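S.K.: These protein sequence lines map, in sequence, to chains A and B. Numbering that gives the first Met the number 0 applies: residue 0 is where the first sequence begins, and numbers increase by one. Numbering that gives the first Met the number 0 applies: residue 0 is where the second sequence begins, and numbers increase by one.
To be clear, the hints were calculated from the coordinates, so they are not data collected in a lab. Quick caveat, the model's predicted, so the values are computed rather than measured. Any given hint might turn out to be false.
[As the list claims (entries may be wrong)] Here are some chain B residues pointing at chain A (derived, C-beta under 8 Å): (1) 212; (2) 217; (3) 219; (4) 225; (5) 374; (6) 376.
[To be verified] Computed footprint of chain B on chain A; a stretch qualifies when at least three of its residues, placed anywhere within it, have a C-beta under 8 Å from a C-beta of chain B: (7) 50 to 64; (8) 237 to 248.
[Stated by the list, open to error] Far from chain A, by Cβ distances over 10 Å, these chain B residues were calculated: (9) 207; (10) 229; (11) 400; (12) 418; (13) 438; (14) 486; (15) 570.
Don't be surprised by glycine CBs; every beta carbon is placed ideally from N, CA and C.
Here is what each chain is made of, one letter per residue.
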Amino acid sequence: MEGPKLQVSGLNAYFGSKQVLYDLSLQFPDRAASAIIGPSGCGKSTFLRCLNRLHEEVPGARVEGSIRLDGQEISRLNEVAVRCRVGMVFQKPTPFPNMSIYDNVASGLRLLGVRSRDRLDEAVLASLKQAALWEEVKGNVDAPGIRLSGGQQQRLCIARALAVQPEVLLMDEPCSALDPIATTKIEKLVLELKRTYTVIIVTHNLAQASRVSDHTAFLYLGKLVEFGPTQKIFERPDEALTESYVRGRFG
Amino acid sequence: MPGEGGLGEVPPRRESIERRGSRLRILGRGFHALSAGVAVGWLLLVALLVGVLAWTARSAIRHSGSFLLLGAEWDPNRQIFGAAPFIVDTLLTSLLALLLAVPVALGVAIFLSELAPPRVRDVVSYAVDLLAAVPSVIYGFWAFIVLVPLMAHTVEPDLARTTGGTLLFSGLPLGVDLLTSSLILAVMILPTIAALSREAMRAVPRQLRESALSLGATRWEATRMAVLGPARAGILGGILLGLGRAIGETIVVAMVIGGGRTYPTSLFSPGTTLATIIADDLTSAAPPEVSALVAVGLILLGITLLVNLGARLLIARERKESEEEELPAHSRPRGLLPPPGAEFRGFAHPGGAGEAEAVLAEPVELPAWRRQLQAQLPGRLRRRRALYAAVAVLTLLCTVLALAPLASILYTAVQNGGRAVVTPSFYTDTMAPACNPATEHNCQLGGIGPALQGTLILIGLASLIAIPIGILAGIYLAEYGRNRFARSLSFLTEVMTGIPTILIGTFVFVLFLAEDPSIAASATTGGIALSILMIPLVTRTTEESLRAVPDSVRESARALGFPRHWVTLRVTLGCARGGIVTGALLAASRAGGETAALLMTAQGFQYYSLGLGRPIDSLTLVIFTTFGTPYPNWQEVTWGATLVLLLVMLTIGLATRILFHRHTAGAEVT
Ligand SMILES: Nc1ncnc2c1ncn2[C@@H]1O[C@H](COP(=O)(O)OP(=O)(O)O)[C@@H](O)[C@H]1O
Ligand SMILES: [Mg+2]
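Modelling step: build the complete structure from the supplied sequences, incorporating the hints.
M.R.: This is how it looks when you write it as structure tokens:
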């Protein structure tokens with residue numbers, strides 16, 4: 000096994016003059032799912048958005064510190080190239096409303112300049128299967144993406160992110176807008192995906208974190224309190240703060 | 000803990016609360032009835048407008064029939080009324096204006112919504128709003144002084160030369176013609192289209208843009224993929240509203256179109272539109288011609304209503320469509336089979352762990368085309384970023400181009416009217432005899448005293464009528480109007496904001512001509528015409544500000560046991576106050592810049608007002624009647640009036656902006 004897929008050290012993030020992340024350092028191993036937990040407003044989304052350089056698109060936002068992807072500093076890479084390697088799925092499903100299911104999934108590849116119908120077909124099929132959506136939409140891929148149910152839309156967004164074959168998949172509370180059945184499907188999907196991808200998932204749901212992740216990071220007020228194997232974080236954390244959070248004593 | 004004495008005290012207090020409550024309830028019902036009555040009254044007024052126009056036009060329609068639409072000759076002396084050339088000129092100028100304005104407006108909208116840094120965005124958005132608020136008579140004056148000579152001496156001869164004087168660009172380039180009219184119309188509708196398109200783009204959720212960025216899109220690609228598509232309906236609606244405005248615009252066109260009354264032979268032909276023939280002839284027309292002109296007005300009303308209705312329906316339908324969910328069973332199937340020989344490297348189903356393990360076991364190997372894609376990435380990225388940069392520069396240029404007229408108008412007005420506005424007597428004097436200070440010794444500047452007085456009286460009258468009616472109707476629509484009638488009325492009100500103002504003037508004029516001709520041209524009719532223009536604006540802004548108050552505010556107030564009208568009056572209106580005041584101010588400032596509705600009602604007057612039953616002057620009418628004068632002192636007065644009007648608009652614009660910002664800031668705190 001080589002080094003970590005993503006290595007974060009000394010990360011500070013700001014909105015204008017307001018600092019929201021303080022000196023974060025942690026490493027995400029390849030082909031594993033890592034969960035990020037913490038009370039709302041503690042900076043989980045901001046942290047995730049630093050990892051694909053989306054944070055800096057917010058006017059006035061700023062990042063300091065080092066994030067290495069396979070050992071390469073991402074701030075030195077082109078941001079478009081970084082985002083091709085680090086995909087993201089948002090809290091609310093965000094299919095492009097004017098595009099069909101097919102076009103949604105193909106959109107990333109079309110950006111990369113893929114025009115061949117055969118290759119697009121191949122990639123769309125593979126991604127839809129990977130996102131466990133194929134069985135539900137086959138024969139219907141020309142229907143608008145927004146006509147799908149919420150859970151299907153979220154899997155469509157996952158398929159769309161997977162189509163460009165990223166190395167890392169970021170998921171920001173992907174189930175918080177979904178019903179329990181759709182949530183279960185996404186969780187199963189994460190368990191599958193982590194075998195080939197580095198998955199980093201932000202979740203409000205502690206049970207979900209314990210079900211899907213191998214490692215868990217606990218953030219509190221913009222600081223990393225503890226990071227370690229999920230089992231350890233949930234059963235015998237080092238920090239009292241983590242203990243009281245995972246026991247549901249606050250947040 | 001209340002003791003014996005306490006218990007004795009409670010019953011009277013509760014009784015008084017109950018009595019007060021029932022009194023409030025009765026007041027509330029009365030208020031509900033009042034606002035509903037006002038809303039119905041507003042509907043009746045619109046019906047009266049259409050009815051009076053139709054009634055006045057009926058003799059001409061009976062007399063001329065389809066010749067009105069198809070006939071090519073207009074001769075009041077021989078009672079020949081064929082408006083076909085006017086229809087052609089109207090459609091030609093407005094469509095050409097649209098063609099010129101849309102690309103630039105979209106560039107401005109994309110720049111403001113997607114590409115500009117926030118600080119630039121705020122300043123430029125304000126400038127674009129100002130551009131939309133500049134009265135049309137000022138655009139017309141500026142066009143006549145600045146644009147017409149430029150067109151006549153440079154642009155049109157060049158066009159004729161480069162195209163070899165072919166059909167479209169043949170004839171004598173005079174500068175007052177269809178082409179110049181289209182150009183200035185384009186300048187006028189550009190801010191409307193840009194502002195509405197920008198709003199449609201801003202309404203696209205941020206996460207949609209970020210989804211595109213996360214897929215590796217540049218900002219321009221994200222705009223194309225995730226913004227322009229969802230905003231399409233709103234953009235189209237804005238374009239159609241711009242078209243409606245161009246079709247109904249009177250004053251600007253009347254000042255530069257030249258007045259030719261036959262079919263145009265080229266874009267250099269002078270012309271007459273449906274609106275300008277009414278403006279030119281109505282006040283001096285004999286009864287048969289009045290009827291024919293009103294029939295022309297009906298044609299104009301029909302066209303603008305169709306365009307406006309289309310715009311509003313388009314926006315409403317698309318909005319509803321995007322809210323629908325769930326996959327319908329009947330969507331078109333499309334066979335998507337795995338290409339032969341393509342090896343699939345994913346997981347078929349969740350839980351298919353065995354298969355997954357198998358995939359994991361072999362090293363993940365990318366197909367050749369994927370590897371090629373990665374190799375090509377740097378080169379392609381450079382090209383894509385160059386495209387983004389090019390688009391950014393292009394949209395910036397569009398923005399500069401869009402703002403250039405505002406800069407030129409301000410510059411020319413300060414240059415020519417700057418001295419007048421710092422002369423105190425300018426604000427109190429009446430018009431002086433025409434003269435030239437360069438050659439004559441006793442040449443007086445004169446002033447705009449009567450015009451200032453008239454504008455204030457007209458705005459005062461109009462506000463007195465329109466603001467109470469508009470606010471009550473708006474309250475009815477927002478607070479009580481969950482029924483079908485109210486929804487239709489709200490829609491109608493929206494459509495009414497796009498009705499050509501010349502038709503409002505025509506309506507009031509012919510109504511009074513029939514009832515009491517002695518005051519048909521007076522401050523009273525002018526005020527009424529302006530109030531009809533203001534009512535839909537005030538109604539809409541009131542309704543919108545009230546709807547913006549979250550329902551939770553109403554619910555929590557109701558949960559405390561307040562009767563309904565109490566909630567409406569105190570809580571909701573309190574929250575929406577800023578928006579309502581802003582709307583009333585903006586409507587009043589629109590009225591202050593209005594010319595077309597005053598042409599036949601107020602009609603203008605040389606001296607201070609002699610009463611509400613007599614004609615009255617206004618700033619806009621001064622500009623409209625003296626814009627082409629050869630006398631230097633009158634020119635200076637006209638520029639002075641322009642500058643005063645501009646400064647007032649600027650101040651109101653700035654004031655409402657500050658007021659509105661403070662209002663929203665306050666709402667965030669509470
Ligand atoms: N665009 C923004 N501008 C300013 N502050 C922001 C912005 N977005 C988030 N914040 C602040 O940053 C902090 C962290 O937010 P976020 O990362 O969204 O938290 P989480 O995802 O853990 O709920 C919060 O205090 C929030 O108020
Ligand atoms: Mg969050």
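S.K.: Have a go at the residue 374 of chain B hint: is there a Cβ in chain A nearer than 8 Å to its own Cβ?
M.R.: 12 Å, violated
S.K.: Check, residue by residue, whether the stretch 50 to 64 of chain A contains three or more positions whose beta-carbon lies closer than 8 Å to a beta-carbon of chain B, and give the verdict.
M.R.: holds (count 5)
S.K.: Against chain A, does residue 400 of chain B hold up as non-interface, every C-beta pair farther apart than 10 Å?
M.R.: Check passes; 25 Å lies beyond 10 Å.
S.K.: Restraint: residue 217 of chain B near chain A, CB-CB cut 8 Å. Satisfied or not?
M.R.: This interface hint holds because 6 Å falls under the 8 Å limit.
S.K.: Restraint: residue 219 of chain B near chain A, CB-CB cut 8 Å. Satisfied or not?
M.R.: Residue 219 of chain B check fails; min Cβ-Cβ to chain A is 11 Å, beyond 8 Å.
S.K.: Does the CB of residue 376 of chain B sit less than 8 Å away from some CB of chain A?
M.R.: 6 Å, holds
S.K.: If you take the shortest Cβ to Cβ gap from residue 225 of chain B to chain A, is it below 8 Å?
M.R.: Constraint on residue 225 of chain B satisfied, holds at 6 Å.
S.K.: So, residue 212 of chain B near chain A? Judge it on the closest CB pair being under 8 Å.
M.R.: Hint holds; residue 212 of chain B Cβ to chain A Cβ min 6 Å, cut 8 Å.
S.K.: Examine each Cβ of chain A, and state whether all of them lie more than 10 Å from the Cβ of residue 438 of chain B.
M.R.: For residue 438 of chain B, whose nearest Cβ neighbour in chain A is about 59 Å away, the distance exceeds 10 Å, so it holds.
S.K.: Check whether three or more residues of the stretch 237 to 248 of chain A sit with their beta carbon closer than 8 Å to a beta carbon of chain B.
M.R.: violated (count 0)
S.K.: Does the no-contact call for residue 570 of chain B survive, Cβ to all of chain A over 10 Å?
M.R.: Check passes; 29 Å lies beyond 10 Å.
S.K.: For residue 207 of chain B, which was marked as not at the interface, is the minimum beta-carbon distance to chain A over 10 Å?
M.R.: 5 Å, violated
Checked against the numbered hints given earlier, the structure breaks hints 3, 5, 8, 9 and 10 and satisfies all the rest.
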